[in-house]
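Student: Listed here are the chains, written in short residue letters.
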Amino acid sequence: MTLDHKRLGLMYLWSIIAMMFLGGAFVMLIRAELFSPGEDFVSADTFNQLFTLHGAIMVFLVIIPSIPAALGNFVLPLMLGAKDVAFPKLNRMSYHLYVIGAILFVASMLATGLDTGWTFYAPYSTSDSPAHRAILYAVFGAFVLGFSSIFTGLNFLVTIHKMRPPGMTWFKMPLFLWAIYATSIIQILATPVVGITLLLVAVERMLEIGIFNPALGGDPVLFQHMFWFYSHPAVYIMLLPAMGVMSELMSTYSRKSIFGYRYIALSSVAIAVVSFVVWGHHMYVSGQSVLVSVLFSAITFFVAVPSAVKVFNWIATLYKGSIRLTSSMIYGLGIIWLFGIGGLTGLWLAALETDIHLHDTYFVVSHFHFVMVGSAIMAFLGGIHHWWPKFYGTMLNEKVSLWGAGLLFVGFNLTFLPQFIAGTQGMPRRYFDYAERFEGYNQISTVGAFLMGFSILLIVINFLRAIRSGKPAPANPWGAVTLEWNTAPIPDPHNFDDAPVVGDPYDLSIFKWDEAEGGYVPTRPVPGLPYIALPNADSTESQH
Amino acid sequence: MILPALLPLILQQQDGEGGFFFPPVASDLAIASDSLFFTILYLSGFFFAIIVFTTLYFVWKYHHTKCPEPQPSPVHNNTIEIIWTVVPTILLAWIFFEGFEGFMARKTPPPDAYEIHAQGRKWSWNFTYPDGTESSVLHLPLGKAVRVNLASSDVLHSLFVPAFRVKMDVVPGRYEQLWFTPTMLGEFDVYCAEYCGTNHSAMTTTAVVHSQEDFDAWLSEAGDFMTKLSPIEAGERVFASKGCAACHSVAGVAGIGPALNGRFGQERKLSDGSSVTFDANYVRESLLDPAAKIADGFQPIMPTFQGQLDDDKMRVLVEYIKSLQ
Numbered sequence: 130m131t132l133d134h135k136r137l138g139l140m141y142l143w144s145i146i147a148m149m150f151l152g153g154a155f156v157m158l159i160r161a162e163l164f165s166p167g168e169d170f171v172s173a174d175t176f177n178q179l180f181t182l183h184g185a186i187m188v189f190l191v192i193i194p195s196i197p198a199a200l201g202n203f204v205l206p207l208m209l210g211a212k213d214v215a216f217p218k219l220n221r222m223s224y225h226l227y228v229i230g231a232i233l234f235v236a237s238m239l240a241t242g243l244d245t246g247w248t249f250y251a252p253y254s255t256s257d258s259p260a261h262r263a264i265l266y267a268v269f270g271a272f273v274l275g276f277s278s279i280f281t282g283l284n285f286l287v288t289i290h291k292m293r294p295p296g297m298t299w300f301k302m303p304l305f306l307w308a309i310y311a312t313s314i315i316q317i318l319a320t321p322v323v324g325i326t327l328l329l330v331a332v333e334r335m336l337e338i339g340i341f342n343p344a345l346g347g348d349p350v351l352f353q354h355m356f357w358f359y360s361h362p363a364v365y366i367m368l369l370p371a372m373g374v375m376s377e378l379m380s381t382y383s384r385k386s387i388f389g390y391r392y393i394a395l396s397s398v399a400i401a402v403v404s405f406v407v408w409g410h411h412m413y414v415s416g417q418s419v420l421v422s423v424l425f426s427a428i429t430f431f432v433a434v435p436s437a438v439k440v441f442n443w444i445a446t447l448y449k450g451s452i453r454l455t456s457s458m459i460y461g462l463g464i465i466w467l468f469g470i471g472g473l474t475g476l477w478l479a480a481l482e483t484d485i486h487l488h489d490t491y492f493v494v495s496h497f498h499f500v501m502v503g504s505a506i507m508a509f510l511g512g513i514h515h516w517w518p519k520f521y522g523t524m525l526n527e528k529v530s531l532w533g534a535g536l537l538f539v540g541f542n543l544t545f546l547p548q549f550i551a552g553t554q555g556m557p558r559r560y561f562d563y564a565e566r567f568e569g570y571n572q573i574s575t576v577g578a579f580l581m582g583f584s585i586l587l588i589v590i591n592f593l594r595a596i597r598s599g600k601p602a603p604a605n606p607w608g609a610v611t612l613e614w615n616t617a618p619i620p621d622p623h624n625f626d627d628a629p630v631v632g633d634p635y636d637l638s639i640f641k642w643d644e645a646e647g648g649y650v651p652t653r654p655v656p657g658l659p660y661i662a663l664p665n666a667d668s669t670e671s672q673h
Numbered sequence: 008m009i010l011p012a013l014l015p016l017i018l019q020q021q022d023g024e025g026g027f028f029f030p031p032v033a034s035d036l037a038i039a040s041d042s043l044f045f046t047i048l049y050l051s052g053f054f055f056a057i058i059v060f061t062t063l064y065f066v067w068k069y070h071h072t073k074c075p076e077p078q079p080s081p082v083h084n085n086t087i088e089i090i091w092t093v094v095p096t097i098l099l100a101w102i103f104f105e106g107f108e109g110f111m112a113r114k115t116p117p118p119d120a121y122e123i124h125a126q127g128r129k130w131s132w133n134f135t136y137p138d139g140t141e142s143s144v145l146h147l148p149l150g151k152a153v154r155v156n157l158a159s160s161d162v163l164h165s166l167f168v169p170a171f172r173v174k175m176d177v178v179p180g181r182y183e184q185l186w187f188t189p190t191m192l193g194e195f196d197v198y199c200a201e202y203c204g205t206n207h208s209a210m211t212t213t214a215v216v217h218s219q220e221d222f223d224a225w226l227s228e229a230g231d232f233m234t235k236l237s238p239i240e241a242g243e244r245v246f247a248s249k250g251c252a253a254c255h256s257v258a259g260v261a262g263i264g265p266a267l268n269g270r271f272g273q274e275r276k277l278s279d280g281s282s283v284t285f286d287a288n289y290v291r292e293s294l295l296d297p298a299a300k301i302a303d304g305f306q307p308i309m310p311t312f313q314g315q316l317d318d319d320k321m322r323v324l325v326e327y328i329k330s331l332q
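Chains A and B are the protein sequences, given in the same order.
Letter by letter, the first sequence follows residues 130 to 673 of our numbering.
Letter by letter, the second sequence follows residues 8 to 332 of our numbering.
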């Protein structure tokens, strides 16, 4: 039973990858069914259960914990030059709650055939059918998962506040930490609301008090308000860490300081705050008041600005750099485009008039997959490729990594670009069967989805092979200057022998590529830099 | 060569039969909302092109094979950062305002709009006209503002007509509404856009736009079918207009509910193990209190038709079901 944040991070990593395979397997069945209209492989009821499972698993068990819990756990204390997070035992408990919650959640959904969609909209979800009576177990699973998320957020928040090394002021923190910090705030403040909502569903079910169910005098639109009060900020729980990873990748692989550091740092916090007051943009056609819809639309456009500026900042970072197209950088550049599409398509959905036609169509499905997969999952994978050398002290096979990233990018666009057109043409989401005129879009989409599935398989096989037989990694293969690279190739359990010396996290001029050495070498003596990036040197000799 | 020829087709707002992005443009609202759609498309397309071009250009220009060393450049620049914050803000504010204006127009139906009541239930639509005529197909007069009042018998639904670019959730326990003016003759798909269970994707019907004369003719014919048609034919109309066929086959195939042909007068096994004679009283009870006697092997999910069917209609329904072989 380890308390080491690095081991816990890797345990999260593999749990999340396992869940990603599960959620991915369900969507393969969905796409196979949708290849042509009519019933082909599964029944309508099975189809409805499949998209419920896919959405719930991917949101609650994969994307929300992906970067914060897996990469955050591994990297955050290292970046802070700390031995561990502030509360290692709480951290382990978070992981155990994640596992318990995940098992409860998935098992109850599978056992009862829950078919409400991941949004659990009332009164469908509160109606008295066998599947919905059992919703309480799934709700309890989600409740436990919520605590895992809250504890992780709390832990990171305290760690960042209390355990920064001397000299690391707020504005000398790597941007990944800013992003995780902003994410943690949302996790702590928003997650309790979904817990409360789920409890209210339970209370309504058991005590027959009308809260959401109109048959008992409740209001179904109230459920949507409470659900999105959590679930919209949750979008930023998924996205902000991805933006943090992006900033690290863009700077490291163009060997330049990040452009507009303060703007990026503060915009993370701004996005976190504003994300709490935009939830109503999911509800323009729900029957909420016209005035409320108008206000939410205005605020939603407002939150688009800091996101857009982050993209400009990343691009400006490339300017006059020395760019290396490593697999991590391919993910990073891909994200600029995919997040660009995801963000810009959001404009049609934020605008009140155009959203009415597009709401609940495949346009929305495609839009949020561009953000959730094209940005969040891609950043998760890009981050794994970036920090992998520290995970297992080995290098990934770069050629396979590049193929994986390239195929995933092609497969992703093949899957989701046609869905925008299916959506504008009017195909509603969560449709088991569809009109002939949507067949072409769906066929391209299905082919793309299987290509994505194949590339994910390739990427994970590459991971497994690197664990078994990867080339030993140097301590600092990318010549990055954040503190996690200033550790042994496989960091010691206590991370650092001496208190690290903190400088500018983006002063990449400290290291220079040396062709003869085949690695990055320091350009000048830097105090407190025990690990020099020499790929050929034995790691023990390069110490001190 | 092909792409430049195709681009105008893709990027230009189409009317009539629609185009690359859109289905037919069949209401006044469709024209307005498409116009905003294409404006945003041009704007965001322009910015996306800049993003793609600059990233590709920078990657090519500053690739490490050309630039082994990064060159000195500022790490921030207030002027640039203010410009690229303020310009998008202004553009976004403008898009918001355009969307807001169109939205307000959609929320204020003219007082003299023709009113149709739409009832959504798992998994069919029922439309009631001012004279009490009912139909499962949405018949509309061309060029006349129509207000559709929406109500649900069970869970959330959403009335969606892509060709009109209208959509509104149907919320149990309250009324919602939408309005538009059909501008094109023809038949258009009507969907349910809010997930509502097993047959969500089958909860579809058609909107038929007639000329005013044809519409009036349809309405008067449909309105007095009870007196003009034989009871069996009238029963068939009621069966269709109430959307019974969404769950009950008349061709012997068990669906969500049991098939109804060849059953009349026979013994029916119930889920509690007892049995009942399938007669006029059983049909009547099943319509008014569907959960009272559940056929063996089926779920108690049929909505009640209490208050929606008068005695005459129930009588002709019984005649129709009796006639099914």
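Source of the hints: derived by calculation from the structure; they are not laboratory data.
Fair warning: there could be bad hints in the mix.
[To be verified] Computed beta-carbon distance windows for the label pairs:
#	chain 1	residue 1	chain 2	residue 2	range
1	B	LEU10	A	ALA564	33 to 41 Å
2	B	GLN78	A	GLU568	49 to 57 Å
3	A	PRO321	B	LYS73	30 to 38 Å
4	A	ALA564	B	GLN78	51 to 59 Å
5	A	ILE229	B	TYR182	42 to 50 Å
[Stated by the list, open to error] Sample of chain B residues facing chain A (criterion: CB under 8 Å; computed from the structure):
#	residue
6	ILE89
7	TRP91
8	VAL162
9	ASP231
10	MET233
[Said to hold, decoys possible] Cross-link-like lysine to aspartate or glutamate pairs, in silico, EDC-like; alpha carbons within 16 Å at most:
#	chain 1	residue 1	chain 2	residue 2
11	A	LYS641	B	GLU76
12	B	LYS276	B	ASP317
13	A	LYS449	B	GLU76
Don't be surprised by glycine CBs; every beta carbon is placed ideally from N, CA and C.
Student: Are the hints correct? Go through all of them and say.
Tutor: Hint check:
Restraint check, LEU10 (chain B) to ALA564 (chain A): a C-beta distance of roughly 28 Å breaks the suggested window 33 to 41 Å. With their beta carbons about 52 Å apart, GLN78 (chain B) and GLU568 (chain A) fall inside the hinted range of 49 to 57 Å. A C-beta distance of roughly 52 Å is found between PRO321 (chain A) and LYS73 (chain B), which places it outside the suggested range of 30 to 38 Å. Taking the beta carbon of each, ALA564 (chain A) and GLN78 (chain B) are about 56 Å apart, inside 51 to 59 Å as hinted.
Checked against the given bound of 42 to 50 Å, the beta carbons of ILE229 (chain A) and TYR182 (chain B), roughly 44 Å apart, stay inside it. Look at ILE89 (chain B): its Cβ only gets to about 10 Å from chain A, farther than 8 Å, so that hint breaks. Because the beta carbon of TRP91 (chain B) sits about 5 Å from the nearest beta carbon in chain A, less than 8 Å, this interface hint is met. The closest approach between the C-beta of VAL162 (chain B) and any C-beta of chain A is roughly 4 Å, which is under the 8 Å cut-off, so the hint is satisfied.
Taking 8 Å as the C-beta cut-off, the interface hint given for ASP231 (chain B) is violated, the closest approach to chain A being about 34 Å. The interface hint given for MET233 (chain B) is broken, as the beta carbon of that residue sits about 32 Å from the closest beta carbon of chain A, more than 8 Å. Using a Cα cut-off of 16 Å, the hinted pair LYS641 (chain A) and GLU76 (chain B) holds, with the two alpha carbons roughly 8 Å apart. In summary, the hint linking LYS276 (chain B) to ASP317 (chain B) is not supported, as the alpha carbons are separated by about 28 Å, beyond the 16 Å threshold.
Straight-line distance between C-alpha atoms of LYS449 (chain A) and GLU76 (chain B) comes to about 9 Å, which keeps the hinted pair within the 16 Å bound.
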